[in-house]
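**Q** Generate coordinates for the entire structure from the input sequences, incorporating the hints supplied.
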Amino acid sequence: MKNVNKEKFVSAQLIEAQISTELTLEMKEDLIETLFQYREAFVSDNEPLGAIKGHEVDIILNVERPYPPLLTRQAYPSSPRAREALESFINELMKLGALRKVGHNAEVEVTTPVLITLHNDKSRMVGDFGALNTYTIPDRYPIPRIHETLSQLSKQNLSLLCMLLKVFIRVF
1 MKNVNKEKFV SAQLIEAQIS TELTLEMKED LIETLFQYRE AFVSDNEPLG
51 AIKGHEVDII LNVERPYPPL LTRQAYPSSP RAREALESFI NELMKLGALR
101 KVGHNAEVEV TTPVLITLHN DKSRMVGDFG ALNTYTIPDR YPIPRIHETL
151 SQLSKQNLSL LCMLLKVFIR VF
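So that you can map any letter, position 137 of the sequence shown is 137 in the UniProt record's numbering, and since no number is skipped, the others follow by simple counting.
No lab work stands behind these hints: they were computed from the structure. Misleading hints may appear alongside valid ones.
[Stated by the list, open to error] For lysine to any residue, the following SDA-like pairs were computed, each having C-alpha atoms within a straight-line distance of at most 25 Å:
(1) K6 to L31
(2) K6 to E16
(3) K8 to E56
(4) K8 to Y38
(5) K122 to A75
(6) K28 to I146
[What the hints assert, rightly or not] Estimated spans, in silico, between C-beta atoms of each pair:
(7) K28 to T72: 48 to 58 Å
(8) I32 to M94: 46 to 56 Å
(9) N133 to K28: 23 to 33 Å
(10) D30 to L70: 43 to 53 Å
(11) F89 to I143: 48 to 58 Å
Owing to the predicted nature of the structure, the values given are computational and were not obtained by experimental measurement. The beta-carbon is built from N, C-alpha and C at its ideal position, and this holds for glycine as well.
**A** Here it is, written out as structure tokens:
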């Protein structure tokens, strides 16, 4: 049953993937197995944002309640076109389950204003997290350090390490 599911995953999710021709057959099989193992992280028709369940990020603030005014800022003024684009973004994110309505801002302890950038006929929603970042205690190392990752992989095949290094540099 697992092989059938893996074959479906490969044909549905990896159909457009361009796997390097420099990889050996064993390396390709290992790569596909790893991708299959973590398939929930990938975007699909059913999960357009990916779906890693049970993972929440705790934001720890370095201030106590009541929070300073910078953490409860009002929305920025915007044009009717920008408000329309913002409403469209919010509706899409709610439909995807990335946002939920909580009522009036009085129920929300920390707010972050957003901007809509308009360029040609496209728009983009950008959150102004500057104030939140000021009062947030940062993670010690939110992204793995490359030399630690490579030292953990030191017993692996050299060509695999080189490939992973290329991928790591492209991604981060």
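**Q** With reference to the structure, classify each hint as holding or not holding.
**A** Now for the hints, and whether the structure bears them out:
1. K6 to L31: Holds: K6 and L31 sit about 12 Å apart, inside 25 Å.
2. K6 to E16: OK: K6 and E16 at ~16 Å, within 25 Å.
3. K8 to E56: violated, 29 Å
4. K8 to Y38: Status holds; Cα separation ~14 Å.
5. K122 to A75: holds, 21 Å
6. K28 to I146: Measuring from Cα to Cα gives roughly 23 Å; hence the hint holds.
7. K28 to T72: 48 to 58 Å: The hint (48 to 58 Å, Cβ to Cβ) holds, given that K28 and T72 are roughly 52 Å apart.
8. I32 to M94: 46 to 56 Å: Distance hint for I32, M94 is violated at roughly 35 Å.
9. N133 to K28: 23 to 33 Å: Since N133 and K28 have Cβ atoms about 41 Å apart, the given range 23 to 33 Å is violated.
10. D30 to L70: 43 to 53 Å: holds, 48 Å
11. F89 to I143: 48 to 58 Å: violated, 26 Å
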